[in-house]
Every structure is written in structure tokens, then in C-alpha cells.
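Student: Listed here are the chains, written in short residue letters.
There are 2 protein chains.
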Amino acid sequence: MASELRTVLVVGTGLIGTSIALALRERGLRVLLADHDQGAVRLARELGAGEEWHPETHAQAASASGESGESGETIDLAVLAVPPALVAGELLALQRNGTATFYTDVASVKVEPIERAAQLGCDMSTYVASHPLAGREKSGPGAARAELFLGRPWALCPTPDATPEARAAVLRLVELCGGNPVEVDAAEHDQAVAVVSHAPHVTASAVAARLADASDVALGLAGQGVRDVTRIAGSDPGLWLGILSGNATPVAEVLEAISRDLAEAATALRALADGDGTVTQEITQLLKRGVAGHGRIPGKHGGPAPAYVVVQVVVGDRPGQLARLFQICDEVGVNVEDVRLEHAPGLPLGIAEVSVQPDAAAVLTKALHERGWQVP
Amino acid sequence: MASELRTVLVVGTGLIGTSIALALRERGLRVLLADHDQGAVRLARELGAGEEWHPETHAQAASASGESGESGETIDLAVLAVPPALVAGELLALQRNGTATFYTDVASVKVEPIERAAQLGCDMSTYVASHPLAGREKSGPGAARAELFLGRPWALCPTPDATPEARAAVLRLVELCGGNPVEVDAAEHDQAVAVVSHAPHVTASAVAARLADASDVALGLAGQGVRDVTRIAGSDPGLWLGILSGNATPVAEVLEAISRDLAEAATALRALADGDGTVTQEITQLLKRGVAGHGRIPGKHGGPAPAYVVVQVVVGDRPGQLARLFQICDEVGVNVEDVRLEHAPGLPLGIAEVSVQPDAAAVLTKALHERGWQVP
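Protein chains in written order, with the numbering used here: chain A, 1 to 376; chain B, 1 to 376.
It should be emphasised that the hints constitute simulated quantities derived from the structure, not laboratory data. Don't take each hint at face value.
Identical copies go unnamed one by one, so any copy, or any two together, can satisfy a pair.
With a straight-line cut-off of 20 Å between C-alpha atoms, the simulated EDC-like cross-links for lysine to aspartate or glutamate are [claimed, not checked]:
{"no.": "1", "residue 1": "K138", "residue 2": "D338"}
{"no.": "2", "residue 1": "K138", "residue 2": "E353"}
{"no.": "3", "residue 1": "K288", "residue 2": "E264"}
{"no.": "4", "residue 1": "K138", "residue 2": "E337"}
{"no.": "5", "residue 1": "K138", "residue 2": "D228"}
{"no.": "6", "residue 1": "K138", "residue 2": "D236"}
{"no.": "7", "residue 1": "K288", "residue 2": "D236"}
{"no.": "8", "residue 1": "K366", "residue 2": "E353"}
{"no.": "9", "residue 1": "K366", "residue 2": "E46"}
{"no.": "10", "residue 1": "K288", "residue 2": "E52"}
{"no.": "11", "residue 1": "K288", "residue 2": "D213"}
Bound-form chain A, shown alone (with noise of 0.2 Å):
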């Protein structure tokens, strides 16, 4: 059996389903889509990411077309786009069904599904789970976008049941929606989640929850920098429950040493205010395993983040002051590594971070500087 997929079927039509729907259409597959919520299957459809399957009708055509199952109607793979408790029994429901050759799911843990998989008796021959590292603040079928993956890592945890096909399958998938394939261990990878994502999601929220007892003078000070912190805390608190239900061990792990860290930050700043000079090496120690964990993040294009130079503009909070500011970025020969717009709280003007490769610093603000542009 070749890898190359004709048609996907997608079952849970929310932002990841969706997007991996309308990435497979850009490629010209054949898509069809399934969701308890009838909704979110016709906005799906409505977007342009497939037709709406109906497992009756493509039912009595395969079988009419032969038991072969390789008439126009099969369906290649199966792709279960829902929360992590429902993937096994989505799976041996559709597996009994004969729906499909191949199936995959891309939930956020690994483990449980796979194993609940395997106790209901679901055929691990046929599935690969996966997991494409990739999201928004924003859930359901309209958040989509079929660029979601481009780039991104995307996990891949066959079981050693899985057979080299199933496996060329999926991973033609995560080809067709431009991720990156990472095959990795069940286990780790419910690890490493623990620690890049949930767990800091957790803590975001812990954070945030600060805010909500906080006096209002406590949050006119508030500076760009809890802003960063807590921004993911703002998610769906449902989507995120079932998450982490789905990994809960090792995120109770992450969390465990990252609350100890902060009691052991709490008593000594509270061992310093009675006079112990002794314990601002434990507080310098932490900001400085921070600034070390900080630093192995990787940058945007996979390798070590590399060190742009942040050039400061004053814009004006009116049209035409961003557009004029990159055609001089044009002008001169200069790319736009990144940018971020500080804006001056009550006033309407801001300051544009326009970060740049360390040798194009100086012909931008050169260049700025001669049309009268504000470069601090």
C-alpha cells in the first residue's frame, strides 16, 4: 500500500481538525468531516474544509462498489481530532466499523489514549498516534487557518504494533500539513509537554489568579511583563481540564518542583527580612537557573535563538505611521526579524521593537534618523 492519502476523513471539527482539514484541501484531498456538534461541521464546511461525512451513505457505497474497498470512496485515514478521554473509543468505533485504513489522533498526551487503545482492543496495527505542536488562545472551526502547522513540531508515537504503512501514512500526513515529524516515545513526550506547555500553563493561571483578588491600584501598575506571563491564562479553562487530566502525573511533577522552588523563594525573602543575609545566594541561584533555562529556548527558525538587535522607533497610534516605517525598512535593504509595539498607556503614541540582524542596525537607524524618524 502506497502512503500517498486521497481522502481524510476528520472527526472533530475545532481548530486543530479544521486546520488540518483546510491544509489537506490546499493539497487537493479529499476531505470529509465529522463532529457531535453539527455546528461546527457545517462552519467547517462553510470555510471551505471539506463535506460533511455520512458514515450511512459512504457505507453502502463502498459496499457496492466491491468489499475491496478501493473504490473512490475509501477513506485512507481517519484523523481523531478530539479531546484525549474521547480518542479510544472513537477509535475501536470507527476501527469496527471498517471506516478507514489508517487511523491517527493528534490529542495533547500520548499515553493514556494509546494505552486505553489497547485495553479496548482497538487493532494497533492500523494506528499511529501523533501530536502537532501547535495552537491558539482561540478554539473552534472559525480560529482555524490551514497554515497552523507550518514548521511546527509534530510528534509521532507508533507503538511497535503499528505496521511500516500505518506509519507512512501519518507521517504523510504531518508532510501534507508542512510539520515538522519528530518520532519520539509516548512517555517522554507526555514529559516534555509537562514541562514546555502545561505545567506553565498551570502556573500562568496561578499567576493570573493573583490578579483577580488585586486591588485596582495594583493593576493601574500593571507592566508588560505580567502581561507576557499570564497572556495563555486567558484559554478555555475546559479544553485545558481535559489536558491535563490526560497527562496528569507528570504535569503534578513539573508543578510540585516549580511550587517548592517558589516556598523555598518565599522563605528566604521572609529569613531576609528578619536580617539573614545568608539566603540571597538561594534567591540569586533561582533567577539564575531561570536565565539558563531561558536561553536554550530555541529561536524561530529551529536553532538557538539567534541574537537580533532591537531597534526602537516612536510611532504614532494613527494609519500610515507602521507602513511608513517598514518601506524605509524596504528602502534600505533591511529585513523585519520581529516586531512589537509598546504602546504608552493614555497617550496616543507607542514605540515600534523592530528586531533586526546585528549588522542591519546601524544602516536602519541611520536611515531613520535622516527622515526625522525618533530613534531613542
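Could you slot chain B onto chain A? The hints should help.
Tutor: Chain B alone, transformed into the frame defined by chain A:
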């Protein structure tokens, strides 16, 4: 005594001190600069922040011109931009020499410097403690900019001993720097910044510290969420030890609350892993409190965060793309409220997330579509 300032002495030419000096220079004031680090003073001077202060020369000139101190050499205000622990000592030394008419400091904590100044016998009638809520990850005079304080809150914590003239002088400093003065009790200030700045910083360090020991696989799966949560963890540990030490008890209280929340979440997750489904409510509650707290952070113009709509556009990672994008915004009269570049690791393209007013989103999307841009 009028509150007009003509000559200001800035002691400590780091990021904050030099930024204040630059702002005052732009308003035409005479600025004198001092720092134990001669290189820092020199750099600040070369950046146009003012002239080096030579106390001996100054004292002679003032004395030669008569004892009234009303010559051109009179220093109207001395700004102490030194670490919190050094504020009181510097204040005492300057006051003993009759250096300036009024005094302020700009340290990130307020109770400790004020209490120590009173204990040391400083003249509290001419001193008004303050704290501009502005900063950057980078430090030193090279990172300074006159616009740092534009529209940002600037806390003023006068004691009952401070004269109306002293308060007026420091208020005038805030106005000249473009800051937004907020009079607040010193203890309330310290509790507020513990919640919105100091404890979030330590928490970001604790999350980042986990990355220091994580596997390469885990780092390879890092997404935008953990990047945002840990951004401020890259800051200078020495600087932050000084800030945390000066606000030890309020920060310890907030860290204890966060640590407790995380320990309870870990306990609930372990119970869940053991099959106790009754604990999901606890986890959901923490996530919901996080959403509530996140929603209280004010938007860029001081009010509640406005409901901007994000228009996503696929852009190439090469010069000219952003210029053309913002040119189109300009052409169709759409004001860009914020912009964020999301890069696709390993691929030369990314997504520009352009925040606009709700009624402008459709206009912009249509205009981009018509011009052949990919708007998912």
C-alpha cells in the same frame, strides 16, 4: 517656591536614571550626571543625557556666588536612581552637603528606603519617594530612551513630613517625563508591585528553571506559550535580587499563595491519576480564577482591554512584505492597534497577527484578499 525645575541632578546613570535625564534634556533642562561607574556616566553624557557633575567645582561655584544658593548653579531636584538599599545613604550624604533643594528616588520598592531615610535622620520635608512603572529587559545607559515613561504610571509616595513644594517639584518631574502620576501609600505600593511585577518575575524564573534541566526533545517541542511565560526570566539576576530583597515580605506572601495553588493543583492531578474524579472541580476553579484575573489587566490606553479583532496574514520572511502589508492598511484607512509576528520555525514564512478595531477587520480582510494575500 515655584515648582519649575531648571537644573536636575541624576545620581545613577543606569537605564532609569539616564532615561529621565534624556527626557529632561529634551524639555531643555540642565541635567547633571553622577555614578560610581565612570564608564556609565561617560556613556550617558555621550548619549546626550547631560553633563558630568563635579561636586567640588559645583560647591565652589555656588559658594562664590553667594550663600543663598540662587545662582545658576542651584540644583532644584536630585533624582536618586540607585538600587533600593542605597537610596537612604545617598540621600543623607547629598542632604548633608546641601546639594539640592528637593529630592526623590525612583527605586522599585518604597517602604524600605523611606523607613531607612527616616532612621538615618534625613530631612523628610524635602524628600518625596517615587517609582516610575517602566522598564526593559535590558539595563544600563545604552538601553535608555527619553520616551520610556510616556503615559506609564509613576507612583508618588510622599510622607506627611513632605512640604507641598517638595511634592510639586517631584510632580513636575513626572510631568516633564510624560508619566502618569499616581499618589499611593508606600505600603500599598509595595504590595501592588509584589502582585503585578515582583512575584510574576520569580514565577517566570521558576518555570524557566525547569527548562534548564529539560531534555533536548522537550525544548524542541517548545511553543509560543512558554516563550511568553518565561520572557522576563532572561533579566539580570543581580538587579532583581536587589528589587526582591527590598520588598521581601510582600513578595513572599504572593509567592506563598502561588506556590500553594500549584501544590494543590498537583495534589488534585495526582488524585485524578489515581481515579478520583471529584477533584476536577479544583483544577477548573484555578483555571477560571486565572481567566478572571487575566481579564482585569487594563488595555493599552488605561481602560479595560478593548476587544480588538485579529486579522491573520501569511507573510514571507523577506524585506518588503511587512511594508506592503501596512501600506495596504494605510490605503484602506485601517489603524493597526497591535501586531505580532508568529514565525514558522524552519520555514521562511510566518503569520502576521494584526489587531484592528472590530469594524475594520472585514475591510482589511477584503482588501488583502483582493490583492492576493493569504488571509486564512
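Student: Now tell me if each hint is right for this structure.
Tutor: Right, here's what the structure says about each hint:
no.: 1; hint: K138 x D338; verdict: between (22 Å within a copy, 17 Å between copies)
no.: 2; hint: K138 x E353; verdict: between (26 Å within a copy, 13 Å between copies)
no.: 3; hint: K288 x E264; verdict: within (15 Å within a copy, 27 Å between copies)
no.: 4; hint: K138 x E337; verdict: between (25 Å within a copy, 19 Å between copies)
no.: 5; hint: K138 x D228; verdict: both (17 Å within a copy, 16 Å between copies)
no.: 6; hint: K138 x D236; verdict: within (8 Å within a copy, 34 Å between copies)
no.: 7; hint: K288 x D236; verdict: between (33 Å within a copy, 8 Å between copies)
no.: 8; hint: K366 x E353; verdict: within (16 Å within a copy, 28 Å between copies)
no.: 9; hint: K366 x E46; verdict: between (49 Å within a copy, 17 Å between copies)
no.: 10; hint: K288 x E52; verdict: neither (54 Å within a copy, 34 Å between copies)
no.: 11; hint: K288 x D213; verdict: between (30 Å within a copy, 13 Å between copies)
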